[in-house]
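**Q** In the order they appear, the protein sequences are chains A and B. Quick note: the first sequence uses our numbering, first residue 1, plus one each step. Quick note: the second sequence uses our numbering, first residue 252, plus one each step.
Don't read these hints as lab results, they were simulated from the structure. Take the hints with a grain of salt, since some may be wrong.
[To be verified] Pairs of lysine-lysine residues, derived as BS3-like cross-links and limited to a Cα-Cα distance of at most 27 Å, are as follows:
1) B:448 x A:33
2) A:121 x B:319
3) B:319 x A:42
4) B:319 x A:120
5) B:319 x A:33
6) B:409 x B:369
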Amino acid sequence: MTAESGSNRRPETGAFFQRDRTWHPPVLTPNYKTSVLRSPQKAPLPFDNTLSEIAGPVFGHAMLGKLDADLIHNFARPGESALGERIIVHGRVLDERGVGVPGALLEFWQANAGGRYRHKKDGYLAPLDPNFGGCGRAITGEDGGYAFRTVKPGPYPWPNGPNDWRPSHIHFSVFGHGFAQRLITQMYFEGDPLIWHCPIVRGIPDKAAVETLIATLDMQATIPFDARAYKFDIVLRGRRASLFENRLEGN
Amino acid sequence: MAQSLDRLRESPSQTAGPYVHIGLTPNFCGIGGVYATDLGATMVNDKTKGERIGLRIRVLDGTGTPLKDALIEIWQADADGLYNSPAELRGAADPNFFGWGRCPTDMDTGLCTFETIKPGRVPFRDGSLMAPHITLWIVARGINLGLHTRLYFSDEEKANAGDAILARIEHRVRVPTLIAERNGDIYVFDIHLQGEKETVFFDS
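Turn these sequences into a full structure, and let the hints guide you.
**A** The structure is reproduced here in C-alpha cells:
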C-alpha cells in the first residue's frame with residue numbers, strides 16, 4: 001500500500017481539537033455490564049498531540065475490491081443475493097470544522113436481516129443467511145462522501161440483562177487523516193423504538209449526541225423499486241491550522 | 252450575540268462489540284472470500300529496513316483475565332523515525348514499511364502478536380527526541396471509547412529517561428506500565444485495564 005496523491009491540497013499537520021469526553025459514553029457504564037471490569041479507573045494522561053498522534057496511515061482506493069461496498073453480493077453465491085430489506089447507506093465523513101474528509105477508510109459490519117451475526121460466538125436462534133457475510137468497506141471521495149448497499153440488519157437479544165435487545169445497527173470503523181481521529185461507532189435507524197431502551201446507546205449521556213448516530217430515511221436517494229436509502233454523516237475530530245504551531249522540525 | 256463558531260461535534264463512540272472481527276479481520280473469523288487478506292496482518296517484507304522484532308501483547312481485565320475478543324492496532328515510525336504519512340514533512344519514510352498493523356487477540360489465549368521493526372525516534376513538539384515508541388489503540392466489547400496508549404522498550408533506558416511523554420507521568424510507579432520487556436527478539440507487553448498495575452492511557 002502506498003499513499004495516494006489524490007489531492008493537490010497541502011497536507012494538514014495541525015494538532016486535533018481536544019476530544020470532548022463528556023459527549024462520548026464514559027468508560028464505566030454499569031448498565032452495560034461488560035464495561036464494569038474493562039473500564040480504566042485512573043484518569044487518562046492528557047497531552048497535546050505529537051507527530052505520533054497527528055500522523056496516520058493512508059489507504060488507497062486501489063485496495064478496494066469491486067464488491068467491497070455491496071454487502072448484498074460480496075458474500076453471495078453467483079447469481080444470488082442476501083435476504084432482507086435492501087438499503088443504501090450514504091453520507092459524508094466531516095471533521096468538526098465542517099469540512100469533508102477525503103480518503104477516509106470506512107469499514108462496516110452488521111448482523112443479517114434476522115439479527116444473526118456470522119460469528120462462532122453468536123448463538124442466536126435466527127438462521128444464518130448463506131448469502132450474507134456482514135462486512136464491507138469504502139473510502140471517501142474528495143468531498144468526504146461514501147455509499148454502500150446492504151440489507152437492513154435485524155434487532156437481536158443479547159446477554160446483558162435478562163431481556164435486553166440491541167436496536168438494528170451497523171458498526172462503523174473510521175480512519176481519518178491522523179491516528180488521533182480513529183473512531184468506532186454504530187449507526188442506528190430512524191424510528192426504531194429499541195434505540196431508547198439499549199444500555200449501550202444509553203451510555204451516551206446526552207440525547208442530542210445519540211441523535212447524531214441515527215440515520216435518516218432519505219427518500220430522494222432511494223432507488224425506486226430497488227432499495228431505500230438512509231443518510232448517515234460521521235464527524236471526526238477537527239484540527240488546528242498549522243500556521244502558528246511550533247514547527248515539528250523544531251526551528 | 253457574537254458570531255457562531257459553526258463547529259460540528261465529533262460523532263460519539265460506541266463499543267466495537269464482540270463481533271468486531273467480522274468487520275475488521277473477517278478472514279480471521281472464518282469469513283473468507285470477501286477480502287483477499289485481513290488489513291494490517293503483515294507489517295514487514297524482505298526489503299523493510301530495521302531491526303525485526305516481535306510484540307506479544309495481552310489485554311487484561313479487572314480480574315487479571317486476558318480479553319479474548321479485543322482488537323489492537325499499532326502505529327509507528329520506520330527505522331529512521333519517519334512516519335509513512337502525508338503529515339510527515341521531514342522526509343520520505345521507508346516505502347517498504349506502512350507503519351500500521353492490526354491484530355485480534357487470540358480467541359483461546361488472548362495473545363496478540365505483531366511482527367514489525369523497532370521504530371526510530373520521533374521529535375516531540377519542542378523538537379526534542381521522544382524515546383522509540385509504538386502507539387496502541389485498543390477496542391473490545393465493554394470498551395466504550397477506543398483506548399490510546401504507547402509501548403516503549405525496556406532496552407532503551409536512557410531514551411526513556413528523557414522522553415517528554417513519560418516525563419509527564421506524575422506517579423512514577425506507573426511508568427513501567429508503558430515499557431515492554433525484551434526477551435530475545437520479542438517484547439512482552441501486558442495492558443492492564445484496571446487494578447494496581449493499570450496501564451497509563453492517554454487523552455491526546
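**Q** It remains to establish, for every hint, whether it holds in the given structure.
**A** Now for the hints, and whether the structure bears them out:
{"no.": "1", "hint": "B:448 x A:33", "verdict": "holds, 22 Å"}
{"no.": "2", "hint": "A:121 x B:319", "verdict": "holds, 11 Å"}
{"no.": "3", "hint": "B:319 x A:42", "verdict": "holds, 23 Å"}
{"no.": "4", "hint": "B:319 x A:120", "verdict": "holds, 13 Å"}
{"no.": "5", "hint": "B:319 x A:33", "verdict": "holds, 17 Å"}
{"no.": "6", "hint": "B:409 x B:369", "verdict": "holds, 16 Å"}
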